[in-house]
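A.B. asks: The lines below spell out each chain.
4 protein chains.
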Amino acid sequence: MSVFVKLIAATPEADRVVAAAAKICYSPSGAAEIFDGLDTAKTASFLKMLREAGHLSPFEHASFTFAAEGLSRVATHQLVRHRMASYSQQSQRYVGMTGNDCIVPPTVKSDPRALALFREQTESAQRTYDELVALGIPKEDARFILPHGAETRIVLTMNARELHHFFALRLCRRAQWEIRELAREMLRAVRAAAPVLFAAAGPSCVTEGSCHEAHSCGQPYKDIEDMLSQ
Amino acid sequence: MSVFVKLIAATPEADRVVAAAAKICYSPSGAAEIFDGLDTAKTASFLKMLREAGHLSPFEHASFTFAAEGLSRVATHQLVRHRMASYSQQSQRYVGMTGNDCIVPPTVKSDPRALALFREQTESAQRTYDELVALGIPKEDARFILPHGAETRIVLTMNARELHHFFALRLCRRAQWEIRELAREMLRAVRAAAPVLFAAAGPSCVTEGSCHEAHSCGQPYKDIEDMLSQ
Amino acid sequence: MSVFVKLIAATPEADRVVAAAAKICYSPSGAAEIFDGLDTAKTASFLKMLREAGHLSPFEHASFTFAAEGLSRVATHQLVRHRMASYSQQSQRYVGMTGNDCIVPPTVKSDPRALALFREQTESAQRTYDELVALGIPKEDARFILPHGAETRIVLTMNARELHHFFALRLCRRAQWEIRELAREMLRAVRAAAPVLFAAAGPSCVTEGSCHEAHSCGQPYKDIEDMLSQ
Amino acid sequence: MSVFVKLIAATPEADRVVAAAAKICYSPSGAAEIFDGLDTAKTASFLKMLREAGHLSPFEHASFTFAAEGLSRVATHQLVRHRMASYSQQSQRYVGMTGNDCIVPPTVKSDPRALALFREQTESAQRTYDELVALGIPKEDARFILPHGAETRIVLTMNARELHHFFALRLCRRAQWEIRELAREMLRAVRAAAPVLFAAAGPSCVTEGSCHEAHSCGQPYKDIEDMLSQ
Numbered sequence: 001m002s003v004f005v006k007l008i009a010a011t012p013e014a015d016r017v018v019a020a021a022a023k024i025c026y027s028p029s030g031a032a033e034i035f036d037g038l039d040t041a042k043t044a045s046f047l048k049m050l051r052e053a054g055h056l057s058p059f060e061h062a063s064f065t066f067a068a069e070g071l072s073r074v075a076t077h078q079l080v081r082h083r084m085a086s087y088s089q090q091s092q093r094y095v096g097m098t099g100n101d102c103i104v105p106p107t108v109k110s111d112p113r114a115l116a117l118f119r120e121q122t123e124s125a126q127r128t129y130d131e132l133v134a135l136g137i138p139k140e141d142a143r144f145i146l147p148h149g150a151e152t153r154i155v156l157t158m159n160a161r162e163l164h165h166f167f168a169l170r171l172c173r174r175a176q177w178e179i180r181e182l183a184r185e186m187l188r189a190v191r192a193a194a195p196v197l198f199a200a201a202g203p204s205c206v207t208e209g210s211c212h213e214a215h216s217c218g219q220p221y222k223d224i225e226d227m228l229s230q
Numbered sequence: 001m002s003v004f005v006k007l008i009a010a011t012p013e014a015d016r017v018v019a020a021a022a023k024i025c026y027s028p029s030g031a032a033e034i035f036d037g038l039d040t041a042k043t044a045s046f047l048k049m050l051r052e053a054g055h056l057s058p059f060e061h062a063s064f065t066f067a068a069e070g071l072s073r074v075a076t077h078q079l080v081r082h083r084m085a086s087y088s089q090q091s092q093r094y095v096g097m098t099g100n101d102c103i104v105p106p107t108v109k110s111d112p113r114a115l116a117l118f119r120e121q122t123e124s125a126q127r128t129y130d131e132l133v134a135l136g137i138p139k140e141d142a143r144f145i146l147p148h149g150a151e152t153r154i155v156l157t158m159n160a161r162e163l164h165h166f167f168a169l170r171l172c173r174r175a176q177w178e179i180r181e182l183a184r185e186m187l188r189a190v191r192a193a194a195p196v197l198f199a200a201a202g203p204s205c206v207t208e209g210s211c212h213e214a215h216s217c218g219q220p221y222k223d224i225e226d227m228l229s230q
Numbered sequence: 001m002s003v004f005v006k007l008i009a010a011t012p013e014a015d016r017v018v019a020a021a022a023k024i025c026y027s028p029s030g031a032a033e034i035f036d037g038l039d040t041a042k043t044a045s046f047l048k049m050l051r052e053a054g055h056l057s058p059f060e061h062a063s064f065t066f067a068a069e070g071l072s073r074v075a076t077h078q079l080v081r082h083r084m085a086s087y088s089q090q091s092q093r094y095v096g097m098t099g100n101d102c103i104v105p106p107t108v109k110s111d112p113r114a115l116a117l118f119r120e121q122t123e124s125a126q127r128t129y130d131e132l133v134a135l136g137i138p139k140e141d142a143r144f145i146l147p148h149g150a151e152t153r154i155v156l157t158m159n160a161r162e163l164h165h166f167f168a169l170r171l172c173r174r175a176q177w178e179i180r181e182l183a184r185e186m187l188r189a190v191r192a193a194a195p196v197l198f199a200a201a202g203p204s205c206v207t208e209g210s211c212h213e214a215h216s217c218g219q220p221y222k223d224i225e226d227m228l229s230q
Numbered sequence: 001m002s003v004f005v006k007l008i009a010a011t012p013e014a015d016r017v018v019a020a021a022a023k024i025c026y027s028p029s030g031a032a033e034i035f036d037g038l039d040t041a042k043t044a045s046f047l048k049m050l051r052e053a054g055h056l057s058p059f060e061h062a063s064f065t066f067a068a069e070g071l072s073r074v075a076t077h078q079l080v081r082h083r084m085a086s087y088s089q090q091s092q093r094y095v096g097m098t099g100n101d102c103i104v105p106p107t108v109k110s111d112p113r114a115l116a117l118f119r120e121q122t123e124s125a126q127r128t129y130d131e132l133v134a135l136g137i138p139k140e141d142a143r144f145i146l147p148h149g150a151e152t153r154i155v156l157t158m159n160a161r162e163l164h165h166f167f168a169l170r171l172c173r174r175a176q177w178e179i180r181e182l183a184r185e186m187l188r189a190v191r192a193a194a195p196v197l198f199a200a201a202g203p204s205c206v207t208e209g210s211c212h213e214a215h216s217c218g219q220p221y222k223d224i225e226d227m228l229s230q
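Chains as they are written, first to last, in UniProt numbering: chain A, 1 to 230; chain B, 1 to 230; chain C, 1 to 230; chain D, 1 to 230.
The set of hints was computed from the structure by calculation and includes no laboratory data.
Heads up, a few of these hints could be off.
Any copy will do: because identical chains look the same in the list, a pair fits if it lies in one copy or spans two.
Claimed, not checked - EDC-like, lysine to aspartate or glutamate: derived pairs with alpha carbons at most 20 Å apart:
id	residue 1	residue 2
1	LYS42	GLU69
2	LYS48	GLU213
3	LYS109	GLU131
4	LYS48	GLU13
5	LYS42	GLU52
6	LYS6	GLU33
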């Protein structure tokens, strides 16, 4: 695995903030009073009820910021299609790409002939990039020759509601392997920071015990631990 | 003033998180390395440069959650038009409105005849609400008779980019007085938590020294302190 | 029923536009070529497949603009919480409210004592509003005394994906009656303009034959016609 | 120039729809009545006033759908960062890339040595892709070796407000050349369909006669015609 994810910021006491925000909808009390009255057990049972009822809008009040490295521009082009999120990505217009690695898909890695072809091609692309830059071609134009799999870095922020949506889509076995790795590392990181908000997460085989996909993969995960171990 | 705002959650070290996210765009280094290399002075000068250049997308990585009380449904109806934000509001479908106050506009407060009319009317509305509920009318229908100015409570989350946009629009003297009070209290709260991100904020008379409104009020604020003191 | 909805603009040939946009994802051909090759039957079967598989992102390319009248500010305060939409609403800051009606909930209408109390109160609110304006109170402040149920006008635009989400939530029997009326009129209007995109729509009792609500109403609609007739 | 843009759908009578939606905010009349009372001259002067005052929210009611071909994945990765829009893009997971062209930047095209290196490299990338697929590597993994400049197709929908924002950023001389070409073709297309909404558009040198960029290019466009001719 090559994706590396670090949680660089998170809403402090995220579980309690979400529970307090949700409770204000149904209570004559103020938020401060509600917040102080929420112990760990009450927070957990209330959030579980919200999650199971699909009342996820209060989950938006908890925000998580990740730094991700070791992923390809193939993966980030998919990632940034999630519009309910914020992104800052390493620019190929300004940052020279000399020496950058190309992500190698597992199917290529496990086939020696494919791997040799792949390596040869990425090295040749890097040489051509360097030669174009030496000829005076701007970096922003020379990069057209770099492979899609070129490694990039990105900082992204999503709230807990969007994260649940992201995990439901991107942890499914039918998702592309690289964004699935990214999603798995993100879920591991947020579960450490907000265990109650993410007590259950993932595709419906994990959260509901059944598959809603039109073309099911036929291999449901047993549970969240099973999903995270793969 | 009746609006009461409490910052109940904020991205920790918001100034540095935003600076690190922005720097990754222009640097071959990774986010963790960048984050550790950012001292207070470098963070401040870098964020100032971003703000003045209008490159505000990295500001989205800093998130702020407020609990607001003592504001009317007139104000929240305006507030929730800001779509780049998250809201949880006290429900009038489920929470009975007996005894709730009505926000009194300053122009009414300062005119004894207007105030007497206003009070009489809000009391009569409350009595009718109570009578309708006593007749078996559901709370969600009885509330149709409550005044627009009825007090409500709301929890809201905005990121620092949207907050800058919100402050630019809603701290202008031409904005409605109540949402202006709300914006002022919110700015006070975030300046304590993220002084560099919000070193400058507000309408263009404050941030640029000139007015872009088609119909200017003719009374530009001198500076951010002047604006916050009013 | 008091809500009046008029579809004032819609993407022409919306069914075919959505089908062509979706097909481009899976085809080596260009959009123009795909568009010309789509007859009515192909469009219908392809859109049905997308809808049932939950692949609704191409539905975003079809846009619908409605003018709605005869609904209360209670309803529009709920409505504008849908953030994937655009709104232009009659302003109470600038438009005087003299003579405007108040929406009367059906539970009130059907109870003569409740209706008498309600009428008396709305008339008294209107008188107070007029007196406050006569005293020199600005319209934007006098409106604090107007009832929540005061009639308003709004123009709104949603795309077909958001409309499906809106219909799923707001046509459920558990939704508030007024926004349910609005949703029903909107669905009637778009079904005339884009019959294939909206061949099925509404809560899951209609679209999937089963209820996902935590607290089901116990009275599932038989089908879309049954739902639209109520 | 290689980008090819076709406007495949647009809100009918977009100019009048936007003007009617805006007028409802300030008028006691209903939308239908307002719509019928708007002639061409009134529409034009009203929209000009809104545009110059920066009151662009009613512009959201006009929606435009484009099919774009002949652009690279470099450009679409930038494009899809605009989150207030809808996209359907040709998939490299499902559509085989054999025979697809690579976009050649003008700086490369005009330098024979650079062009020879570039061509050699794109041909070698295509050969490797074909060989990997022949070895049984899935298309979604073989594409990691394809150049960033590989041609793609996309259908996108933006409303007139987001389009104005897009044109302001992406028609600036400092924007990347390819997305600038795309923006120019899009502006040409919408000006034919909604001449009043887009009577003025582009960076501030065109719309306001002055530059707000921190690092100005020093070559302001004379006017919109000058900008569109380049």
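A.B. asks: Have a look at LYS42 and GLU52 and pick one of within, between, both or neither, based on CA distance no larger than 20 Å.
C.D. replies: within (16 Å within a copy, 38 Å between copies)
A.B. asks: Between copies, within a copy, both or neither: which fits LYS109 and GLU131 at Cα up to 20 Å?
C.D. replies: Only across copies: LYS109 and GLU131 sit 15 Å apart there, 28 Å inside one copy, limit 20 Å.
A.B. asks: With identical chains treated as interchangeable, where does the CA-CA distance between LYS6 and GLU33 reach 20 Å or less: within a copy, between copies, both, or neither?
C.D. replies: Only across copies: LYS6 and GLU33 sit 12 Å apart there, 34 Å inside one copy, limit 20 Å.
A.B. asks: Reference check for the pair LYS42 and GLU69, CA-CA at most 20 Å: within, between, both, or neither?
C.D. replies: For LYS42 and GLU69, the Cα distance exceeds 20 Å both inside one copy (37 Å) and across copies (24 Å).
A.B. asks: Is it within a copy, between copies, both, or neither that the alpha carbon of LYS48 lies no farther than 20 Å from that of GLU13?
C.D. replies: For LYS48 and GLU13, the Cα distance is within 20 Å only inside one copy (16 Å; across copies 30 Å).
A.B. asks: How would you classify LYS48 and GLU213 at a CA-CA limit of 20 Å: within, between, both, or neither?
C.D. replies: Only across copies: LYS48 and GLU213 sit 15 Å apart there, 24 Å inside one copy, limit 20 Å.
In summary, the structure is inconsistent with hint 1 from the numbered list given earlier, while agreeing with all the others.
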